[in-house]
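Once you have looked at the hints, place chain B on chain A.
Protein chains in written order, with my numbering: chain A, 7 to 306; chain B, 7 to 306.
No wet-lab data here; the hints were simulated from the structure. Don't take each hint at face value.
The list makes no distinction among identical chains, and a pair is therefore deemed to hold if it is satisfied within one copy or across any two copies.
[Stated by the list, open to error] List time: in silico EDC-like cross-link candidates among lysine to aspartate or glutamate, alpha-carbon distance up to 16 Å: (1) K42 - D241; (2) K283 - E269; (3) K42 - D155; (4) K63 - E151; (5) K42 - E183; (6) K266 - E220; (7) K283 - D243; (8) K146 - D294.
Number of protein chains: 2
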Amino acid sequence: MRTMGDAETPPLLVEETIAIIGVGLIGGSVAAALKKRGFAGRILGVGRNASRLESAKAAGLIDACSTNLAESAAQSDLIILCTPVNLIIEGVRDISATCRPGTLITDAGSTKGDICRELSSRFAKGVTFIGSHPLAGSEKQGFEEANPDLFQNRVCVVTPNETTPADQLSRLNAFWELLGCRVIEMTAEAHDQAIARTSHLPHVVASALVSLLEKSHNQLTSTGFCDTTRIAAGDPDLWSAILLANASEVIQSIDELNGKLAEFSEAIANRDATTLKNLLQLAKTNRDNLGVKSCDRPAS
Amino acid sequence: MRTMGDAETPPLLVEETIAIIGVGLIGGSVAAALKKRGFAGRILGVGRNASRLESAKAAGLIDACSTNLAESAAQSDLIILCTPVNLIIEGVRDISATCRPGTLITDAGSTKGDICRELSSRFAKGVTFIGSHPLAGSEKQGFEEANPDLFQNRVCVVTPNETTPADQLSRLNAFWELLGCRVIEMTAEAHDQAIARTSHLPHVVASALVSLLEKSHNQLTSTGFCDTTRIAAGDPDLWSAILLANASEVIQSIDELNGKLAEFSEAIANRDATTLKNLLQLAKTNRDNLGVKSCDRPAS
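The following block holds chain A by itself, in its conformation from the complex:
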């Protein structure tokens, strides 16, 4: 794997231009992390709202900005789409004709199956798309919430396939490592199956739980309820798109959860303390195994 300090291969810092399409929390944090970690090239912010982009530029996050995707792509060496998942395929369509040979395109979407099936073989020879999903985020929105340490010590899943050029995969890995990530390679399908259980189902569950809350009970919530439901404050548009893009795995995981909840209900109804303790002990063991480190938050 190519790393920053490897004299045999050109370091990532020689990238002349990295285009970030969608300068929100994630895109803004990519920019902030690149700046903080000494990226010496140019960061081009691309989006639909010129005044927001100008604000991000004024804030020093990006060096230049544009609302013209095709034109931006033509001047970029590496392009990362940080748009909502339902706009990634469309965004790549807008740049697919103008990329130069050698350009590497990736994304930061929470689902990978549809995107990779559609995009991994979309491009002309010499242009490569590889899916990425950095496991970092926040219920907050907007580049104003960008955090240069958002990716620090986080996992980033990359989803190459059998046609992915090895040198471009190394380049992508080096990019995420520069941002502070630990890179894991998986297939897009394995990613979606796992992330349904570790991210999408938790979002549905947190949302369902807080939906049941009567306003008069707000004052009776404590840190447990707050933590369990925190992610439900996420953007409904973004999350609707994510859940629909991973529909079958999410539905199946809801079914699995229902089965587990039924075990709890039955044990409680039967006053079966032994079974109930066993259910709670399995949960505790799994939770304890996660450790503390993976749950540390970045400084914000």
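Just chain B, lined up with the frame of chain A:
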């Protein structure tokens, strides 16, 4: 409501002896908070394990300790049971004969219905039991984790009934206020109905969610999963007792959650983005309404 600075009524600090039965995380934090906030009387730690109690005494949390409940009760002005909920009624039985007139007994259990039905009219004239539930806790255990600020700015629900003497209720409120709590009075039944939704169901859900986690997916969890499942690390014995003590409300709340999850599933299966966004928006609105303040953690 009587407060510390009210010259008309004797301040709580004249309490000669407060007995804490069960010196774990909660009992230890009660002791630590009393010490930090200038309680001038004696703190008597009571429990079954003499060497653990001696350790708590050596750590400066309690002034004296005893494994004899009846004897401890006889020398105490205020007694708080901080044992697991399934041991509270039994614990009070052990002290009921020896309390002096004027003694106020309370608890810190997460369920109130069974306990208050059993205990509120148990005592001889002049001895009062009133249920309490401070909405503060941690997945950690043991007096070593005691935190003098655990109750700071937390709600404490107290559950008097129509026979509760007003002066003893004022005294109980002053006790919790001394520890930093905001006191809310409710019936035991209303408490259990609400806390099923704000605490017990979230514990079941967090446990079910993390039970589904395959070990190979541990590295694919992020802060969202960690927060959503944090409370599942709680003690299985304690939580089994809590869920069984509030069985009917917990079972009913699981049913309510299943209904809400089915709405999510159906919207996703139908690719109905509008309904899905509405479901997510209701959740976001409820979560945003909780505010940040109620979710702040005590410094630990």
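Comparing the hints with the structure gives:
1. K42 - D241: neither (27 Å within a copy, 42 Å between copies)
2. K283 - E269: within (12 Å within a copy, 30 Å between copies)
3. K42 - D155: within (9 Å within a copy, 37 Å between copies)
4. K63 - E151: within (14 Å within a copy, 47 Å between copies)
5. K42 - E183: Answer is within: at 13 Å inside a copy they meet the 16 Å cutoff, but 47 Å across does not.
6. K266 - E220: For K266 and E220, only the inter-copy Cα distance (14 Å) is at most 16 Å; the intra-copy one is 25 Å.
7. K283 - D243: between (39 Å within a copy, 6 Å between copies)
8. K146 - D294: Between copies, since 11 Å is at most 16 Å while 27 Å is not.
Hint compliance for this structure: hint 1 alone is broken.
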